[in-house]
Amino acid sequence: MKKIGFLSFGHWSPQSRTRSAADALLETIDLAQAAEQLGADGAYVRVHHFARQLASPFPLLAAIGARTKRIEIGTAVIDMRYENPLYMAEDAGAADLIAGGRLQLGISRGSPEQVIDGWRYFGYQPAEGESDADMGRRHAEVLLDLLRGQGFAQPNPRPMFPNPPGLLRLEPYSEGLRDRIWWGAGSNATAQWAAKLGMNLQSSTLKNDETGEPFHVQQAAQIRAYREAWKEAGHTRTPRVSVSRSIFPLVDDRDRAYFGREGQQQDQIGYLDEQTRAIFGRSYAAEPDALIEQLKADEALAEADTLLLTIPNQLGVDYNAHVIEAVLTHIAPALGWR
5 MKKIGFLSFG HWSPQSRTRS AADALLETID LAQAAEQLGA DGAYVRVHHF
55 ARQLASPFPL LAAIGARTKR IEIGTAVIDM RYENPLYMAE DAGAADLIAG
105 GRLQLGISRG SPEQVIDGWR YFGYQPAEGE SDADMGRRHA EVLLDLLRGQ
155 GFAQPNPRPM FPNPPGLLRL EPYSEGLRDR IWWGAGSNAT AQWAAKLGMN
205 LQSSTLKNDE TGEPFHVQQA AQIRAYREAW KEAGHTRTPR VSVSRSIFPL
255 VDDRDRAYFG REGQQQDQIG YLDEQTRAIF GRSYAAEPDA LIEQLKADEA
305 LAEADTLLLT IPNQLGVDYN AHVIEAVLTH IAPALGWR
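Per my numbering, the sequence shown starts with residue 5, numbered consecutively.
Accuracy of the hints is not assured; some may be wrong.
Cut-off 25 Å, straight-line C-alpha distance, at most; resulting in silico cross-link-like pairs (DSS-like, lysine-lysine) [stated by the list, open to error]:
no., residue 1, residue 2
1, K6, K73
2, K235, K7
3, K300, K73
4, K200, K235
The calculated label-pair distances, taken between Cβ atoms and stated as ranges, are [stated by the list, open to error]:
no., residue 1, residue 2, range
5, Q129, P292, 47 to 55 Å
6, Q270, G170, 56 to 64 Å
7, E232, R71, 35 to 43 Å
8, S115, P168, 36 to 44 Å
9, G127, T240, 31 to 39 Å
10, R71, Q129, 35 to 43 Å
11, I273, P169, 56 to 64 Å
12, R124, L42, 38 to 46 Å
13, P176, T240, 25 to 33 Å
To be clear, the hints were calculated from the coordinates, so they are not data collected in a lab. Just so we're clear, the structure is a prediction, and the values are computed from it rather than from any experiment. Here a beta-carbon is modelled for each residue, glycine too, at the ideal position from N, C-alpha and C.
Whole structure, please, built from the sequences with the hints as guidance.
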């Protein structure tokens, strides 16, 4: 395990310690700073629309980038069904330049959302014969092409400002960002598709139930299929792979009060829609020694190079920094981190 970061959904509610959207945003910035001081490698946010959670990510990512110096900043994931790839390329370029090239941008075709076909309200509609998932992947391919930095737009012969020669690209352009795009894959097939396009892989705490095996076994097989497809595509760089886990070392009375009871210690089965059966990975909460043994048996964790810790952000910055520190101190060295 080379890198460990946190992943926040940025929930807020009047009944929690994170009571407003402003709280969720500002506390995420504070937690990113605290995580960097603790030695964590990444600060990632989830994007959900029409919900009391983090949504538009780029102002937040830019703010984190301006307030930190080393930690990776990223998303896991942005739903591409809702995105204008051209505007997104500009936003991502700006955020990456502010952060000094630390942006790790996780994108995906998305998952079931709060409203029916929410992307329609954003002005997007699948083309004839295309599903919403197809549309999300199409938007992703446009974004990837734009991030190559090649000119494509015909310049005005009488521009307001002087132009460089040739066709124009979107600005600001951030060199190297194209290699720091990740795809959140829910199936083995989309993981292989991402590999062919040269994207890194993010595998979450759920995936399509394709074999009936335990979640971590299926996820490990997905990662191996991804890496094989990457090799077959002939890419020259080494790809990165992340997995997300809910991990809570029980090291004090607060931990035991919040997570010490018997919780989701087994995988769960559910349906993302009428056709898609999904398997949801278990949570991990135990005393450090027991937790280490449980995590060593997680096959997907052994296959990945990056671990994203899903955090209970509504419990506040101090407690979540404590969880991150507990993992880094008591668990991570036994998993081969650093």
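Hints, one by one, checked against the model:
| no. | hint | verdict |
| --- | --- | --- |
| 1 | K6 / K73 | holds, 19 Å |
| 2 | K235 / K7 | holds, 22 Å |
| 3 | K300 / K73 | violated, 32 Å |
| 4 | K200 / K235 | holds, 9 Å |
| 5 | Q129 / P292: 47 to 55 Å | holds, 51 Å |
| 6 | Q270 / G170: 56 to 64 Å | holds, 58 Å |
| 7 | E232 / R71: 35 to 43 Å | holds, 40 Å |
| 8 | S115 / P168: 36 to 44 Å | holds, 41 Å |
| 9 | G127 / T240: 31 to 39 Å | holds, 38 Å |
| 10 | R71 / Q129: 35 to 43 Å | holds, 38 Å |
| 11 | I273 / P169: 56 to 64 Å | holds, 58 Å |
| 12 | R124 / L42: 38 to 46 Å | holds, 42 Å |
| 13 | P176 / T240: 25 to 33 Å | holds, 26 Å |
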